[in-house]
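Enquirer: The lines below spell out each chain.
There are 4 protein chains.
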Amino acid sequence: MIRAAVVGATGYAGAELVRILAGHPGAELTAITSRQYAGVPISKVYPALGGHVDLVCEAYSPEAVGKKADVVFTALPHKLPMEIVPELVRQGKRVVDLSADFRFRSAAAYEAAYQPHTAVDLMEKAVYGLSEIYRKEIKGAAVVGNPGCYPTSVLLPLIPLIKGGLIDTGSLVADSKSGVSGAGRSPSLTTLFSEVHESFKSYKVTAHRHNPEMDEVLTREAGDPVHITFVPHLVPMNRGMLSTLYARLKGDADGKKVGQCLSDFYEKSPFVRICNDGRIPDTLHVRGTNHCDIGFRVDEKNGRLVMMSVIDNLVKGAAGQAVQNMNIMFDTDETAGLAAVPYPI
Amino acid sequence: MIRAAVVGATGYAGAELVRILAGHPGAELTAITSRQYAGVPISKVYPALGGHVDLVCEAYSPEAVGKKADVVFTALPHKLPMEIVPELVRQGKRVVDLSADFRFRSAAAYEAAYQPHTAVDLMEKAVYGLSEIYRKEIKGAAVVGNPGCYPTSVLLPLIPLIKGGLIDTGSLVADSKSGVSGAGRSPSLTTLFSEVHESFKSYKVTAHRHNPEMDEVLTREAGDPVHITFVPHLVPMNRGMLSTLYARLKGDADGKKVGQCLSDFYEKSPFVRICNDGRIPDTLHVRGTNHCDIGFRVDEKNGRLVMMSVIDNLVKGAAGQAVQNMNIMFDTDETAGLAAVPYPI
Amino acid sequence: MIRAAVVGATGYAGAELVRILAGHPGAELTAITSRQYAGVPISKVYPALGGHVDLVCEAYSPEAVGKKADVVFTALPHKLPMEIVPELVRQGKRVVDLSADFRFRSAAAYEAAYQPHTAVDLMEKAVYGLSEIYRKEIKGAAVVGNPGCYPTSVLLPLIPLIKGGLIDTGSLVADSKSGVSGAGRSPSLTTLFSEVHESFKSYKVTAHRHNPEMDEVLTREAGDPVHITFVPHLVPMNRGMLSTLYARLKGDADGKKVGQCLSDFYEKSPFVRICNDGRIPDTLHVRGTNHCDIGFRVDEKNGRLVMMSVIDNLVKGAAGQAVQNMNIMFDTDETAGLAAVPYPI
Amino acid sequence: MIRAAVVGATGYAGAELVRILAGHPGAELTAITSRQYAGVPISKVYPALGGHVDLVCEAYSPEAVGKKADVVFTALPHKLPMEIVPELVRQGKRVVDLSADFRFRSAAAYEAAYQPHTAVDLMEKAVYGLSEIYRKEIKGAAVVGNPGCYPTSVLLPLIPLIKGGLIDTGSLVADSKSGVSGAGRSPSLTTLFSEVHESFKSYKVTAHRHNPEMDEVLTREAGDPVHITFVPHLVPMNRGMLSTLYARLKGDADGKKVGQCLSDFYEKSPFVRICNDGRIPDTLHVRGTNHCDIGFRVDEKNGRLVMMSVIDNLVKGAAGQAVQNMNIMFDTDETAGLAAVPYPI
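Residue numbers (numbering that gives the first Met the number 0), protein chains in the order written: chain Y, 0 to 344; chain H, 0 to 344; chain X, 0 to 344; chain W, 0 to 344.
Next comes chain Y alone, as it looks inside the complex (with noise of 0.2 Å):
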């Protein structure tokens, strides 16, 4: 059993760490911390976890986790993980960090976005836990930076396709679109119920965080410097997260060639669906799973392929994949813990 802890447990990304974790057949949820409920059980924070989780949660210390834990899973707010993940890694624990503090590869890309990062050394040596690009890495590396979910379902469509010369990167437009639970469990203005319901809008337009995240990915993979842009709108939702991609196709690419590309690409990845059937991706068939739908359609009359991805922004953009990388790591079935047939609505 791979032992597990989930530093941060008690806002929306811990607690589905804890839901997968609990119930994960080769892993063994022993220590979960919260700075805010420190002494409080998890099942009363989140009464749906009574009779199934009996953990209490305590302050972080890296001492006690470390005794408890192989693996380490840090859900905090970004700047936090670049603090203690160094401490761990002397201890020789693995750990998958849900904030952007390990997701670059460039100190100046973070810093220009967050702010100072203080470990570089290791972020420099961490790997992109985008599963399904990045396996061969990820099973060596000491820290996995997640991805965020905004880049998880606007990277899995277009890389395959950049990779196999189909699209124009010039060309690169992403419109997605997210539920409310991405935005976090402190209160606040924005995210009140009454300020949300029968409410549609961008925000943060051109200016997201997740935007360089994405530039410096599809620039490695494209091998020349590309830049996305990327405006994301909040919808009256709890979980769910698609993006609408614009795209030029390139020389003879069709239709037909992007399906196949897709479809050869991801063709072990059982997480990822091809819908070449012509199936619209809808957010409600991935709830509560760690799939990612992809679909498209060509504009015929100016060669623009569009591609809709959707995800569960906790799940596959946060958690989920989360898991999948320990998975990844500890060399287990990459769906251990994460194969529950979903809800039909």
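Honestly, I wouldn't trust all of these hints.
Given that identical chains are not distinguished, each listed pair holds provided it fits within a single copy or across any two copies.
Listed below are the simulated DSSO-like cross-link pairs for lysine-lysine, each with C-alpha atoms no more than 30 Å apart in a straight line [unchecked claim]: (1) Lys300 - Lys78; (2) Lys78 - Lys138; (3) Lys203 - Lys66; (4) Lys162 - Lys255; (5) Lys162 - Lys92; (6) Lys249 - Lys124; (7) Lys300 - Lys162; (8) Lys43 - Lys256; (9) Lys300 - Lys249; (10) Lys92 - Lys138; (11) Lys203 - Lys255; (12) Lys92 - Lys78; (13) Lys135 - Lys256; (14) Lys43 - Lys203; (15) Lys267 - Lys43; (16) Lys255 - Lys66; (17) Lys135 - Lys43; (18) Lys67 - Lys43; (19) Lys267 - Lys67; (20) Lys249 - Lys66; (21) Lys203 - Lys135; (22) Lys124 - Lys138; (23) Lys267 - Lys66.
The hints are simulated quantities; they were obtained by calculation from the structure and are not laboratory data.
Fit chains H, X and W to the known structure of chain Y by using the hints.
Expert: Quick look at chains H, X and W alone, frame taken from chain Y:
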């Protein structure tokens, strides 16, 4: 392995049966039927199931179903099951019927609420599948009449207190609220998004067919005629049901005795969680699960007990309880297939 | 023109007052105040108002407000109005207070539910602003205590029947359901979108502060002590409130007499619509309006009357009724500013 | 007083016309028709209207409608208006048609997207009712083809910039999102609450019939063939539409010039609000109103302009713009009947 078939697999309750049975460690889902979608893979009807369930819907035939299954779940509109269940029983199959056709012991009561019954003998022998109350009878039953969602949420809190003599059965009121999935998947004006969203209303006030179902069971348990005033409401959410119950306390009954009575009664019932710590039940705490959470308060000023019970109408209120009943019938662990760690939100 | 000021204009009820008064044909909105947004145009706080209302929020000063207004609406949390209303009254201003501070006649009752009252004299002289019931008193009032949203929805259906002797005042239960806007605009965990969506729950069961408010008015109208069992619930919608009321019919009272009594009572009350044709009230039918729709059914089996009333919690439950009271106080058409044709959905 | 009739008054757009016209200070709603509800008071179909509109739906007859009205609004599915509008025009009536039948100038374009047109002559003479753009032509029109909701939200932001030469018409993408009321009131699986709630999806990707409508107008305004890539999405909300538009800036165009161009163009258009202060448009800000709010940002890294426009799909996207067109046709104040102060939330 228990071989199970679902007749009527494409309605919401049927699809939920598919989900649970496809993930059940001790059962094998061998056949699913649908009039409307015969020949269509269930994963085309519910794309969420893609990659998880590869069964194709077939038109119903008693021979085909009988050959493939030990237990048959009939998830059809009332009136249809009474026509097909007798033949299945003749074949020695065990049946869990999710319609109203086998819930009543009194044909007169059934016929007053529904229409003439064509299998009265079988109906009278059937067992009411309120799992926690009728375990012993369910175990040996050929046919289980799976309870309605409203009766489940109303009876589980009331029966222990009635049997314990704590409440006045002449004073009962059930004010119930249901998510929209309870209305099923047939398109109708009343369940259109634009008619339900930002709408809250009662319906079939004191005239709902689940009322005589409750009355029959309450009367049986009380040993005296009981009629509960029952008012259902429609909540703009998908899954979830809450019943607020009002009853006069009898004699020296108080909150402490109520809590004790409920805790004792459900001590060995893992799906019923009594909120003795004052927690207020919330449909979100049981979403997607087979739990029934029960909370309560006493209005000291007039000696009235208020109870709140929540279930997921498609799980404990339909498919989940049906599988729980199958588990009881086949002497399996009662929680098999129903034990997944719940989603925190 | 009546010159009106709104003190506390940026909460949901305050903003709704701004909307109604800015469109009122017989009133002029001359001043709006806000502690948090002093100096900020209201159209920055609520961009919907852009191009319609160009007032700037000011910090509250009794002199400034007194100079500009004949009537002052105080839309502040309880405890603040008792501090500022006396001075406004001394200036000869008429006041409609939307908090609880001037709703009670009994200081003891107020102080048991809230905290010590520092303006008891004024409180005792204030008039309870349930417009349809206390028109005559409101007309001459210096201070109107605008009713709570729950009491409005509970008292309007009950009072005519109590006065008509049709129901047993010892048997009253109010099971009420409110949209989330009733909880106000201050960020809190309990009103975050992700905590409310797909959630239905009761709260403050038998312990809500609107309960003694109802009891005081019911007692006054009945001429005998009345205590109603009151349970509020939170509905995942924005605007709207429904109360389901239960009472034993007295003597030979029946549905017809109930309908007649209500129709007669509210014959000259344009905002109250009695559903004598069997229509079931729906919050969607009163959304954005000052209406209260009242429907009813009799449970013949046990002689229990069930009534359903719906209001928009921010309009008839707050700002709309406040303006209706202003209209009464200033001898204007009672519907002025409140007569817009409602949205069909 | 302008005498107005609504043909097809019980669909969502028709009912919204009833609401607006019944409250219009310069118009009198004299007749409403409905095939399905002939003989039924509109307040039975939409109880919100009770006490406000006492008209009874009648079966359509050209004589009856012609006798009662000066202007006729046809709110019917496409193909029906082309059959009845010619006769109304012969009677000298002026017509605002809310279907697609009179939106196109090119019969070939219409017929490619819809079906054969039986009143091509009239169609060619009709005026496209995008009020802010075609005021002059609308004024004298016998028949106005009221724009589709999507085209309204897409064309209002783009046309000024195209005419101003600020954007490359070969680079246009419209990623649009609509509330569910746009799908109408006919029951269908795709608009059931349980299928829409917690769901977000695209539909008719690059294949929506509003695409050729946009293309024809864009081409006319640009003076050169334009094709915009258009992808609509369905949002789990009732009213509201947001279009996110992407275009390459031309020459030295920048954000400042874009803002100036839009502000100048719409200086005398009270319903269009340009967010020059950086405000992000939100469907909640225009809910229930005839406004179109337009915001924008420039992605400096690749010179791409992002525009966001929001409307209420039933008002500016349908009934509101239709009444605005009537106002223009009858030389009334353009905002008459449409000037109510918006709801803050």
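Enquirer: Please go over all the hints and tell whether each is borne out by the structure.
Expert: Do the hints match the structure? See the list:
In the homo-oligomer, the alpha carbons of Lys300 and Lys78 lie at most 30 Å apart only across protomers (27 Å), although the nearest pairing inside one protomer, at 47 Å, exceeds that limit. In this homomeric assembly, Lys78 and Lys138 come within 30 Å of each other (Cα to Cα) only inside a single copy, at 25 Å, whereas the closest approach across copies is 57 Å. When the C-alpha separation of Lys203 and Lys66 is checked against a cutoff of 30 Å, the pair qualifies neither within a copy, at 41 Å, nor between copies, at 43 Å. Taking the shortest Cα distances, Lys162 and Lys255 sit within 30 Å of each other inside one copy (16 Å), while across copies they are farther apart (38 Å).
In the homo-oligomer, the alpha carbons of Lys162 and Lys92 never lie at most 30 Å apart, since the shortest distance is 34 Å inside one protomer and 56 Å across protomers. For the identical chains of this complex, Lys249 and Lys124 are neighbours neither inside a copy (35 Å) nor across copies (42 Å), given an alpha-carbon limit of 30 Å. Taking CA atoms no more than 30 Å apart as the test, Lys300 paired with Lys162 passes in both settings, with 25 Å inside one copy and 23 Å between copies. Taking the shortest alpha-carbon separations for Lys43 and Lys256, only the inter-copy value of 24 Å comes in at or below 30 Å, while the best intra-copy value is 52 Å.
In the homo-oligomer, the alpha carbons of Lys300 and Lys249 lie at most 30 Å apart both inside one protomer (14 Å) and across protomers (22 Å), since each shortest distance falls under that limit. For a Cα distance limit of 30 Å, the shortest separation of Lys92 from Lys138 inside one copy, 14 Å, qualifies, whereas the shortest one across copies, 50 Å, does not. Only between protomers do Lys203 and Lys255 lie at most 30 Å apart by alpha-carbon distance; the minimum there is 19 Å, versus 35 Å within a single protomer. For the homomeric pair Lys92 and Lys78, the shortest alpha-carbon distance inside one copy (19 Å) is at most 30 Å, but the shortest distance between copies (55 Å) is not.
With identical chains, the CA atoms of Lys135 and Lys256 are at most 30 Å apart within one copy only, with a shortest distance of 26 Å there and 49 Å across copies. Taking CA atoms no more than 30 Å apart as the test, Lys43 paired with Lys203 passes between copies only; the shortest distance there is 18 Å, against 35 Å inside one copy. For the homomeric pair Lys267 and Lys43, the shortest alpha-carbon distance between copies (22 Å) is at most 30 Å, but the shortest distance inside one copy (40 Å) is not. Taking CA atoms no more than 30 Å apart as the test, Lys255 paired with Lys66 passes in neither setting, with 53 Å inside one copy and 42 Å between copies.
With identical chains, the CA atoms of Lys135 and Lys43 are never at most 30 Å apart, being 39 Å at best within one copy and 34 Å at best between copies. Within a single copy, Lys67 and Lys43 get their C-alpha atoms as close as 23 Å, which meets the 30 Å cut-off; across copies the closest is 45 Å, which misses it. When the C-alpha separation of Lys267 and Lys67 is checked against a cutoff of 30 Å, the pair qualifies neither within a copy, at 34 Å, nor between copies, at 32 Å. Within a single copy, Lys249 and Lys66 get their C-alpha atoms no closer than 54 Å, and across copies no closer than 55 Å, so neither meets the 30 Å cut-off.
In this homomeric assembly, Lys203 and Lys135 never come within 30 Å of each other (Cα to Cα): the closest approach is 34 Å inside a single copy and 38 Å across copies. In the homo-oligomer, the alpha carbons of Lys124 and Lys138 lie at most 30 Å apart inside one protomer (13 Å), although the nearest pairing across protomers, at 59 Å, exceeds that limit. Neither within a single protomer nor between protomers do Lys267 and Lys66 lie at most 30 Å apart by alpha-carbon distance, with minima of 36 Å and 36 Å respectively.
Checked against the numbered hints given earlier, the structure breaks hints 3, 5, 6, 16, 17, 19, 20, 21, 23 and satisfies all the rest.
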